[in-house]
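Novice: Line order of the protein sequences matches chains G and Z. Residue numbering for the first sequence follows numbering that gives the first Met the number 0, starting at 0 and increasing by one per position. Residue numbering for the second sequence follows numbering that gives the first Met the number 0, starting at 0 and increasing by one per position.
Everything labelled a hint here was simulated from the structure, so no lab data went into it. Fair warning: this is a prediction, and the values are worked out from it, not measured in the lab. Here a beta-carbon is modelled for each residue, glycine too, at the ideal position from N, C-alpha and C. Do not take every clue at face value.
Unchecked claim - Computed list of lysine-lysine pairs in DSS-like fashion (alpha-carbon distance at most 27 Å, straight line):
{"no.": "1", "chain 1": "G", "residue 1": "K76", "chain 2": "G", "residue 2": "K162"}
{"no.": "2", "chain 1": "Z", "residue 1": "K11", "chain 2": "G", "residue 2": "K19"}
{"no.": "3", "chain 1": "G", "residue 1": "K19", "chain 2": "Z", "residue 2": "K76"}
{"no.": "4", "chain 1": "Z", "residue 1": "K162", "chain 2": "Z", "residue 2": "K76"}
{"no.": "5", "chain 1": "G", "residue 1": "K11", "chain 2": "Z", "residue 2": "K19"}
{"no.": "6", "chain 1": "G", "residue 1": "K11", "chain 2": "Z", "residue 2": "K76"}
Stated by the list, open to error - Label-pair distances were calculated between CB atoms; the ranges are:
{"no.": "7", "chain 1": "G", "residue 1": "A185", "chain 2": "Z", "residue 2": "G173", "range": "43 to 53 Å"}
{"no.": "8", "chain 1": "G", "residue 1": "S140", "chain 2": "Z", "residue 2": "Y96", "range": "45 to 55 Å"}
{"no.": "9", "chain 1": "Z", "residue 1": "G15", "chain 2": "G", "residue 2": "I64", "range": "28 to 38 Å"}
{"no.": "10", "chain 1": "Z", "residue 1": "Q18", "chain 2": "G", "residue 2": "L124", "range": "29 to 39 Å"}
{"no.": "11", "chain 1": "Z", "residue 1": "G51", "chain 2": "G", "residue 2": "D70", "range": "42 to 52 Å"}
{"no.": "12", "chain 1": "G", "residue 1": "R192", "chain 2": "Z", "residue 2": "Q30", "range": "27 to 37 Å"}
2 protein chains.
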Amino acid sequence: MAALETLIEALKRLPGVGQKSAQRMAYHLLQHDREGAQQLSTALRSAAEQIGHCRRCHTFSETEICTICADPARDPKLLCVVESPADQAALERSNSYRGYYFVLLGRISPLDGVGVGQIGAAELLQRAAETGVEEVILASSFTAEGEATAYVLAEALRARGLKATRLARGVPVGSELEYVDLGTIAHALVDRR
Amino acid sequence: MAALETLIEALKRLPGVGQKSAQRMAYHLLQHDREGAQQLSTALRSAAEQIGHCRRCHTFSETEICTICADPARDPKLLCVVESPADQAALERSNSYRGYYFVLLGRISPLDGVGVGQIGAAELLQRAAETGVEEVILASSFTAEGEATAYVLAEALRARGLKATRLARGVPVGSELEYVDLGTIAHALVDRR
Numbered sequence: 000m001a002a003l004e005t006l007i008e009a010l011k012r013l014p015g016v017g018q019k020s021a022q023r024m025a026y027h028l029l030q031h032d033r034e035g036a037q038q039l040s041t042a043l044r045s046a047a048e049q050i051g052h053c054r055r056c057h058t059f060s061e062t063e064i065c066t067i068c069a070d071p072a073r074d075p076k077l078l079c080v081v082e083s084p085a086d087q088a089a090l091e092r093s094n095s096y097r098g099y100y101f102v103l104l105g106r107i108s109p110l111d112g113v114g115v116g117q118i119g120a121a122e123l124l125q126r127a128a129e130t131g132v133e134e135v136i137l138a139s140s141f142t143a144e145g146e147a148t149a150y151v152l153a154e155a156l157r158a159r160g161l162k163a164t165r166l167a168r169g170v171p172v173g174s175e176l177e178y179v180d181l182g183t184i185a186h187a188l189v190d191r192r
Numbered sequence: 000m001a002a003l004e005t006l007i008e009a010l011k012r013l014p015g016v017g018q019k020s021a022q023r024m025a026y027h028l029l030q031h032d033r034e035g036a037q038q039l040s041t042a043l044r045s046a047a048e049q050i051g052h053c054r055r056c057h058t059f060s061e062t063e064i065c066t067i068c069a070d071p072a073r074d075p076k077l078l079c080v081v082e083s084p085a086d087q088a089a090l091e092r093s094n095s096y097r098g099y100y101f102v103l104l105g106r107i108s109p110l111d112g113v114g115v116g117q118i119g120a121a122e123l124l125q126r127a128a129e130t131g132v133e134e135v136i137l138a139s140s141f142t143a144e145g146e147a148t149a150y151v152l153a154e155a156l157r158a159r160g161l162k163a164t165r166l167a168r169g170v171p172v173g174s175e176l177e178y179v180d181l182g183t184i185a186h187a188l189v190d191r192r
């Protein structure tokens, strides 16, 4: 059946969905939730067509300027640099940051041909140089690529006389020391307070 | 953002997808694969609109009679009863059955108010009584509800003088006896050959 095969192939483009899950999803929708299939179809189309990027911070936004950038109650002294809108959402959920954001277009990854020019570093430097910004918090991931990204950006920011900080490394909340990896323990020891 | 929230809610209707996976899928599609989002949208709509049920065996079909029911090379003496199109697809993939199928509308589940009248038993009895059918193979699941379904259908078929058989129970291929559950071992012993 062409329509069923096409649906299964399309579902496999979702992250974490292989042949078996895609089949299960397709059969489930057709047998038990055709209304859900129609809803999902509409939601996908609307999202792909309506969601663009904020002109100021580059996060996902349905408007030219996102709600965070448009919020005057935020602290203009702080600018937090993240790798993706998903990372920004995680920071927002933590309810512990009240400044503005700048969302990079990914992270430096020489093997994939992504250099400092491809992640929007120039726009970041321009944004960070705006009046009022006193500290740029680098919140890229703590992976090799994320660390490289943070390092390169910190150098560039400091060369322009801007203050750049990095999220603290350490033992995650709720973890038992026995099961924490050695690199994390070493960092937590060095950065003890 | 309304469009993003709506998309995440819609993705959560997929089986096995919770809040976290739905977020990851939505962010992935928007950031890296908008074309995939559009394709999936179209595939969902087409499938929901074009795929109906075969008039003869009730499986999913884009045509009035499905390709299996329309295939004259199949063995008309055998009729295999399954719970869902997904179960039928699994049997087809095993490449070991050459007869026709009858797909039930689920299985008997008194707690959910699904009795023998709701699973299409009347149509099955009618289909099984057609000239040429010599054996009805009951391939409902080996769960409590599937077993109840098979039992009730077998009784009804035998009362009409039709031959009803059940898939063999036993040790799955590739399994070590040590890890097979006791009920399966007991059945495999009784049905030894």
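Novice: Any of the earlier hints contradicted here, and which numbers?
Specialist: 3 and 6
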